[in-house]
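Engineer: Residue numbers (the working numbering), protein chains in the order written: chain A, 1 to 989; chain B, 1 to 219; chain C, 1 to 498; chain D, 1 to 176.
Since the hints were made in silico from the structure, they are not lab data. Backbone N, C-alpha and C fix where the C-beta goes; we use that ideal spot for every residue, glycine too. Do not take every clue at face value.
[What the hints assert, rightly or not] Derived CB-CB ranges, DEER-like: (1) V69(D) x S332(C): 16 to 24 Å; (2) S806(A) x P359(C): 22 to 30 Å; (3) P32(B) x R700(A): 36 to 44 Å; (4) Q50(B) x V69(D): 45 to 53 Å; (5) V69(D) x E735(A): 45 to 53 Å; (6) F382(C) x R700(A): 46 to 54 Å.
[As the list claims (entries may be wrong)] Facing chain A, according to a computed beta carbon distance under 7 Å, are these residues of chain D, among others: (7) I81; (8) V83; (9) A84; (10) R86; (11) H89.
Here's the letter readout for the chains.
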Amino acid sequence: MPSLKLPILGSSGEGSPQPRTQWRSLDERERGLAPSGEFPPGASEIGGTSRREFVQLLGASMAFAGAAGCLKLPAEQILPYTRQPEEIVPGRPLHYATASTLGGRATGLLATAFEGRPTKIEGNPEHPSSLGATGLFEQASILQLYDPNRAAVLQEKNRPRSWREFLAAQHARANALRTKDGGAGLRFLLEPGSSPLIGELRARIQKLFPNARFRSYTAVSDDEAMRGARLAFGAALETRFDLSKARVIACLEADPLHPWPGSIPAMRGWADKREPGPEMNRLYAVECALSVTGMNADHRLRIRPSRLLPVALALAAKLGSAGGALAAFGRLGAKARLEPGQQRFVDALASDLRRAGRQGVVMVGPRSPALVHALAHAINSSLGSEAVSHQKPVLHDTETGADGLAELAAEIRSGAVDTLVVTAANPLHTAPYELNLATALDAVPNSIYRGLYQDETAQRCAWFIPATHPLEEWGDARAHDGTVTFLQPLVQPLFNGVSEAQVLAAFLGEGDKSPYAQLREYWRATRADAATAWEKWISDGFIRGTASPAESPQVRADAVAAAAQSARFETASPALELNVVPDYRLYDGRFANNVWLQETPDPVTKLTWDNAALMSPATARELGVKTHDAVDLGLRGPPVHAAVLVVPGHADGAVTVSLGYGRRGSEQNAAGVGFDVAPLRRASAPWGGRGLTVTRLGRRHSLAITQEHWSMEGRDPALDMDLSEYQGPGRERIEEGRVPVATMHTPWDYSKVAYKWGMAIDLARCTGCSACMVACQSENNVPVVGKGNVEKSREMHWLRLDRYFSGSEEDPRATAQPMLCVHCETAPCEYVCPVNATVHSDEGLNEMVYNRCIGTRYCSNNCPYKVRRFNFFNYTYNQEDVEKLRNNPDVTVRSRGVMEKCTYCVQRIERARIDSRVQERPIAEKEVQTACQQACPAHAIVFGNLHDPAQEVTKRHGDERHYFVLNDVGTRPRTAYLARVRNPNPELT
Amino acid sequence: MSALFKPWTNTAFRLALFGLAVLFGGGLIAGPMLYVRSPLYTQQQDPIDQPVQFDHRHHVGDEGIDCRYCHTSVEKSSFASVPATSVCLNCHSQVWNKSPKLAPVRESFFSDRPIVWNKVNKLPHFVYFNHSIHVKQGVGCVTCHGRIDQMAQVEKWAPLTMGWCLDCHRNPERFLRPREEVISMTFTPGGEKEQLALGERLKAEYHVATRTSCTTCHR
Amino acid sequence: MAISAAARLEARRALEPLPLLEGEQDDGTINKTLLDYVWRKPGKGWLLLIGLGLAGTGLLTLALVVTIAKGIGMWGNNIPVAWAFGIINFVWWIGIGHAGTLISAILLLFQQKWRTSINRFAEAMTLFAVLQAALFPVLHTGRPWFAIYWLFPYPSTNRIWPQFKSPLMWDVFAVSTYFITSLLFWYLGLIPDLAALRDSSTSRWMRRIYGTLSFGWRGSARHWHHYKIAYLLLAGLATPLVLSVHTIVSYDFAVSVVPGWHETIFPPYFVAGAVFSGFAMVMTLMVPARRFLKLKQVVTARHLEAMCKIMLATSLIVGYGYLMEHFLSWYSGNPYDFYQYANRRGILHGPFKSAAQDPYIPIFWLMVFCNIVVPSIFWSKFGRTNVYVMWVASIFINVGMWCERFVIVVISLHRDFLPSSWGLYKPTWVDLSLLFGTICFFSLLFLLFLKFLPAVAVQEVKEMRHELHKEHERHEIPEFSQEMVHPMELEVGEEEKR
Amino acid sequence: MKRLVLAEFAEPEPLVEAARKLRESGREGLDAYSPYPIHGIDEALQLPRSKVPLVALIAGLAGATGGYVLQWWTNAIDYEINVANRPPHAWPTNIPVTFESGVLVCVLTIFFGSLFYFFGLPRTYHPVFEAEAFRSASLDKFWISAELREGEEPGDLERALRELGAGRVTHVKEED
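Just chain A, same shape as in the assembly (with noise of 0.2 Å):
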């Protein structure tokens, strides 16, 4: 089969994937030159004029050289395949199971592909990391795969080499290194893995290069994490958590339930327990600025980050304090001198751990210090805790943070390094600053880094090699539970992408070898049932019962007592404090070409295409600084142009800032986005410090808030109780948000249809992450806006999330709600529509009809939920060819000065439909799942049919809970809301 360049779920595993050559160069694609021999012929049909046409018809590669060409023909073609794949048949979609990895952990991944073009991700159901959902990360990664920007040239010093070029080169270098002292000389800094196959390649270029030495490098790693594990218990070991196995949860500076890799399951495990009842979990939340999880807890203590060790001590004190395990701690609380509030906080957290015993567990989060770690160790473990298991680490490296990144520089600076192959995503712009990695890296003779942009640590690098994207590569990775999961590639690299396999391979003299000769044969060798079981591995995406087993490590309690005993603990001071956090978009920087990903709002502060000086409303009064206001940040270093965010709930006394801003390499979309927070940065104190300045600069910085307005203004719409509340007069206020409202006109009769389409939101599930956005932006084709207009109002996001503040400003309550079309019965855009436009299906959706629309936006003044969007500009106008491959042919992509809005995913129904009538059966219940229902890692969103009572939907349409948004206005909508009810420790109310 030579014609099919993609890898088929049941084909034969040899055939599919050919040796990855340098299929096409830039240049040929800038020609436009024609479809050549060399050339993965394994398209469909191509388009011509119409956009979708083009994008329905075409293989990825094809479309690549007709697009130019056949845009601009007046008549329409089509290009048939020579040999058609048996597997494809045009116009169907297949789905493969791959991966993504972040933080070197795997999740499991769905993908999409129309003819051999990938158009969305979704989690594989099967995945222990994925459970069927999916993060923002993962969503917006389809958007990387197309992005322009990507580099597409192997360079050496800027010039444009093949691979065989580098091959050759690197070959006799490393010779040379080799038979001269054993390769001590050579270098590896990769991004932090968990590969089998990367392992083997490892310890074979050790065992040729036995003075080569590897790091890994991660700005967000776990280094404080293993050195918890190592004072509690003697050995590196990680943590998992199964939240579904817990009654009492705090969290202490963590954050799992954001999708950071590896969280969606516990996202998953704590929603399964918010039903309100006595099963029900508590959530404690300790941190310096609100987080997701923060927003989530039913309670919260707000701190500087400096004082999170004594809270922690205080904890593992009143736990101690009665004897036990713990006992050793027991006259350490005074060392904590906590302030009476904080005193109460930790003594009902902990009186409520010892109650819940096995199902109390204390998380830390990767950047407190190594004993809070090993506080909670030995807490969980005094506890007996069942949420809590250890194994041993999935990545290969336990130490992956800013240490061994200061002493590779070191080491580079004693002129030790002659070649320094950097895998690790673009360390020179998250590299503590005093390591000035920048003239160290310009100090190597031979520096390689593959990345896949032209970034900061490229520029600084003699060889750049174009990485490919995880759905163009052959790769294995493990999950957070040590599953073994493979990497299957959809399309042929888009942009000359070399494997970080194959970069390593080349020091082995392997560099020609395909990929996927090099997984199948390191499987084969690895495993005795390769051979039968191999497709199905692939096929599956993973291999089962591979997770990694559980230790029992026994918990050093006087070991780690003995430490917080030595500890120095700050003196309560009124410096200033930094606190430095990952982005909840861009993660470390690596995402900041992603427009999706700029684009979506922080689930907890709302601001797009921007970082930003979050801190207290008290403290920004201390400081005399509002939002929106240009601030200098200083912190024994330059100071940084920042604006101020003021956020309720944040730590008084200290600033927080996020990584992954003010980003130098060529990605247009991300220059000149927000500020980089390297100045500020340590490697002895990464994630903040004491004694931050902030000057005013008397300028405004105008930042891009998509939500101004916090305070829900004495209405219902996100309703958020207590227990107490709604076992009491709580149920009026959600009753009243059910209760039929009068209405002139019969209610239609939906009767006679065999499917009522409705949609339920558990409230009391939803974290606030924002997954659902970027995972409709991606389904519907949602095009991004830009900054100037997400501050004028005009984003596109069919499905927002609106976040609201009640209570104190200091110690708010944060309720986050997903607001989209509720596809009201008697929709109030419909009869002001002078056109039909927008009217009802007989299933009884409110149906948008793009093509029919003039775009006089009186739907939008009468929504009032103000969930229609607008193409002010047609916002679709710059794609590129290549940007293009990505939207989703089955949904129209709409011209300036149309309405848009949630269609419920039509395109999904109707597909679901036709082949259910084809097939002559009914559509079953989670045949059609919504976009934002299927990314949901906490399964807050569920759709179906309201005439069927055993699916979900319509039992939660009968909960006790649900509720409609503005029931009063008449609307009847379809989608129900549960209200959310939290479940207050009553110590401490």
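Keeping the supplied structure of chain A fixed, place chains B, C and D upon it in accordance with the hints.
Structural biologist: Leaving out everything else, chains B, C and D in the frame of chain A:
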């Protein structure tokens, strides 16, 4: 001394007013309305040149090849699909394998470059048509594509306007036929009355539920 | 009763309405006053103003081209404020237009003789104002190239029809009917004057042009016979039409669910507001035109005073409307409405305090000042007779009525049901150019009208002069200015008898 | 080929008087011209009651009916769509357009009907325009025209008109 205007100006004035009315009413209203209904605009009756002189008269009419032999995905997908080059060569590696008319086909196969066909039935990008469901519910090929077996070069037969689609979606019984007869170019149940009777029967039998909700076609 | 005759005369004079025509007039002098300036060379001032008008119209054209070429995004509109300057200008202009029809049609039906001198002027203003307004319904849409014909019910190949439950469809019918009616009504009135221009011109080409435009009108008794009834019927139709048009415009808001729009009081209050702003605009235009075109003898102080009184009356109605809105927002107990109006006033308590910083609050109070406080000057005779005062006041009212539409459109939209979606609207240069440009375009059309067409209905003035003349003879009142019997005068007379 | 005698009056009242007398004397083809409508001339010339109101009424009713039927047929019969749960035939929402269509058709009929039918315009040429002095008819003078019978000399009629108070008197011939 004579009047300001000559007597002929009365007639001229009236004619001018009449002309203006015709120009406005006809040129701005009636003209465009007629034009969009004419084949000039719909591109019906306009045989499209193709890179290969493929004659449906011969393949369908004379040889009686099943439409689905080449248009393979018509029962499975929204697209009927244009056959891959290899499908042509299933036969033409044996028959007419030296014909100069088939040179582009062989060229395509051996160079692995697709044949570039010109599209005949174009729908706007906001219209989602699905072949599989129509075939399944007993809509004949000929109902929309016309007598392909009589076309030397394929031409657009139906106007493919929304109104034309609605004709059938509102009254499917006027067009339905047994599933076995879907590909028949000549099937007829008799007169109009028989068609209606057959259509009503098939509508019930196949559970045909044509919809006129917008999202049926526009998404 | 010892009232001296002199005192009685004095009292009578004070009550006496001011004259409708000043000075001794006959048809010849009327022709001279009202027609001759058409033949005069344009003055420098006129040319300067025309230049300004052309420049502004150029700006308008630029703004329109930019809007069509780039999209509505060039305006400041957003979600939630999806309607802003476009609709404000539309309502403002169409409201201004209403006074013209009102003066012309309703006063005709009520046989108010004072209408005669200003009706043509007012009709032209209507026409040009409606023309400005008519730009917006199509141009404010996202895809005007479709809107321009999809809004009309014609049999299309996609067999879909307009949706007649939408107030915008009502608008389409109302505005087009109103424009056509205004145009035809104006033109019908103009035909005899065009004939007069034809006959008073010395240039053969001018005579031909006006001759064509007058369709060969010759003032035959058979023409007049139908003309009188046709004109009266058009007036009779225009009267309910004008009420319906602004009622329908108010439905654009009243039919919706938006707090601040969903008001049953809107139709009467919109109509009153329209008349209010329209009379203000007539005043703004009339005062200088009267001076520069030397029309003081036909447009007398009495006309101006009558207009002031109407402005005062409509200001009171509008004020009542404001009062009722705010009262009902409290009385209804609807939290969204209550918030909406409290927020407009900026007088908020308790949990609503956060809205006190709403940047639009000054616009509400400016509206109140311009529309309620300023017109109170017309309670005084001084205000009603001093042209400078009334002219300045009329400009305030124009501004105030624009603010009123801003308050209704923008302030209502920017904070509606869900606080999460609240947002602000800031106009862009295109928005401002559209407002300024339509004012210039309007002025340009008006200046052309003043130059090339009779600004006062000549035939009607002549008819009035004739009738007044007859009346004098009948009553043997020597003085030209004492033609009408004022109701007060009758009362005085009766008192005397007693 | 029409021949007319034209006579100019300075004031409308004598003209009305003259018209009445001429008509009573059996003169046919009489017409009067004035810058503005003058009182009593209709009766003097015995003009029949104008049909404009009747035509307007019919047109208005037809327009309103058409408007209503259009809305009902398009939204409730031809393509019935569920719009916001409203009944397809929601008569209260049809009132505005019904009214406006009635007015529109009525106004168009009155204007164009009057212009083209009742006034008999456009008629840029008319025998009366042959007389240069007739220009005053639209400005400040009042004219009467009387048709001369076949072969009749204008002299008698002209004299009679002068006796009735006419100023200038002239006669014109229709051009072919």
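Engineer: Please check whether S806(A) and P359(C) have a Cβ separation lying inside 22 to 30 Å.
Structural biologist: holds, 25 Å
Engineer: Report holds or violated for the interface hint on V83(D), using the least CB-CB distance to chain A and a cut-off of 7 Å.
Structural biologist: Holds: closest Cβ of chain A sits about 5 Å from V83(D), inside 7 Å.
Engineer: Cβ-Cβ distance between Q50(B) and V69(D): within 45 to 53 Å?
Structural biologist: The hinted range 45 to 53 Å holds for Q50(B) and V69(D), with Cβ atoms some 50 Å apart.
Engineer: Do the numbers back the hint for A84(D), that is, is its least Cβ distance to chain A under 7 Å?
Structural biologist: holds, 4 Å
Engineer: Does the beta carbon distance between F382(C) and R700(A) stay inside 46 to 54 Å, or does it fall outside?
Structural biologist: holds, 49 Å
Engineer: So does P32(B) sit 36 to 44 Å from R700(A), Cβ to Cβ?
Structural biologist: violated, 53 Å
Engineer: Does the hinted range 45 to 53 Å hold for V69(D) and E735(A) at CB?
Structural biologist: holds, 47 Å
Engineer: Does the nearest C-beta of chain A fall within a distance shorter than 7 Å of the C-beta of H89(D)?
Structural biologist: At 12 Å from the nearest chain A Cβ, H89(D) fails the 7 Å test, so the hint is violated.
Engineer: Given a hinted range of 16 to 24 Å, is it respected by the beta-carbon distance of V69(D) and S332(C)?
Structural biologist: Hint violated: Cβ distance 38 Å, outside 16 to 24 Å.
Engineer: Can R86(D) be said to touch chain A, with a Cβ gap under 7 Å?
Structural biologist: Result: holds, 6 Å to nearest chain A Cβ.
Engineer: Quick check on I81(D) please, does its C-beta sit within 7 Å of some C-beta on chain A?
Structural biologist: holds, 5 Å
Violated hints for the displayed structure, listed by number in ascending order: 1, 3, 11.
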